[in-house]
Amino acid sequence: MFAALANPTRRDLLGLLRGGPLPVKAIAERFDLGRPAISEHLKVLKDAGLVVEERRGRENHYHLEAAPLRSVGEWLEPYERFWRRRIGRLRQVLDEDHRK
Amino acid sequence: MTVTTTAIITDEYLDHPPQRVWRALTDPVLMRRWFMACDDFRPELGHRFALDMGPWGTTHCEVLALEPERLLKISWKNPPLDTTVTWRLVPEGSGTRLLLEHAGFDLEDPRQRRAHDGMSGGWRGKVSSGIVAVLGELAAA
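Heads up: the sequence lines are chains A and B, in that order. Counting in my numbering, the first sequence runs from 895 upward without gaps. Counting in my numbering, the second sequence runs from -11 upward without gaps.
Honestly, the hints are just simulated from the structure, not real lab data. Errors might be hidden in some of the hints.
As the list claims (entries may be wrong) - According to the in silico footprint, chain A covers these stretches of chain B (three or more CB under 8 angstroms from chain A): (1) -4 to 6; (2) 45 to 59.
To be verified - A short list of chain B residues far from chain A (calculated; beta carbon distances all over 12 angstroms): (3) TRP22; (4) ASP27; (5) PRO31; (6) GLU32; (7) GLY34; (8) HIS35; (9) ARG36; (10) ALA38; (11) LYS65; (12) PRO67; (13) VAL78; (14) PRO79.
As the structure is a computational prediction, the values presented were derived from the model and not from experiment. The beta-carbon is built from N, C-alpha and C at its ideal position, and this holds for glycine as well.
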């Protein structure tokens, strides 16, 4: 899964699919890469369980599979919150001590 | 090589010069006010200290890299977590861009993942753009 994520185009693809399912054609139009390259990236994401391909009418749509990402989020979120709060307090301390 | 660790990254602009931000990051009197009590901290390469993290137990730290007003990297070991915390200070206008990287979370180590189960009270149950961004900062192989 993490090798699949270690590529900026694939992360952009996931970001795009956060907005909802899309057919390959519409996905490819958003990128400067050819459709074969996009299909290859989508295949890597599919093999990693991060997106699901689904037949809808004449075109295949891809949608985001949220569970793997959510499980990482659940794990790291408390740490991220810890640091954001601390940095918020750092800002307050600096502002209090150095009012302009 | 498969990448299995990830990092938390934050990026904040502070309207204070690097010299002032550095002091807040490294002076125990100031650290107590925004971070936590760490009276035995000293900004010296190789210096070891411990942090009482309350429900998270004790975190053992060592200063791994130090460039005054630019960079501070410490180890952050709270078994089974074996991570590093790096502060980078970049001058920007009259202020400082403060970058934090908490790196080395091993996503394929189930002990790490179980260690702090239940600490995640505020999770909203959907994939946030923040998480995609966090994953975007996967440690380089």
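Verification of the supplied hints:
1. -4 to 6: holds (count 6)
2. 45 to 59: violated (count 0)
3. TRP22: Non-interface label on B/TRP22 violated, nearest chain A Cβ at 4 angstroms vs cutoff 12 angstroms.
4. ASP27: holds, 17 angstroms
5. PRO31: Since the minimum Cβ distance to chain A is about 16 angstroms, B/PRO31 lies beyond 12 angstroms and the statement holds.
6. GLU32: holds, 21 angstroms
7. GLY34: holds, 24 angstroms
8. HIS35: At roughly 20 angstroms from the nearest Cβ of chain A, B/HIS35 sits farther out than 12 angstroms, so the non-interface label holds.
9. ARG36: holds, 21 angstroms
10. ALA38: At roughly 17 angstroms from the nearest Cβ of chain A, B/ALA38 sits farther out than 12 angstroms, so the non-interface label holds.
11. LYS65: Answer for B/LYS65: holds, closest chain A Cβ roughly 14 angstroms.
12. PRO67: Check passes; 15 angstroms lies beyond 12 angstroms.
13. VAL78: holds, 15 angstroms
14. PRO79: Non-interface label on B/PRO79 holds, nearest chain A Cβ at 15 angstroms vs cutoff 12 angstroms.
This entry does not satisfy hints 2, 3, going by the numbered hints stated previously.
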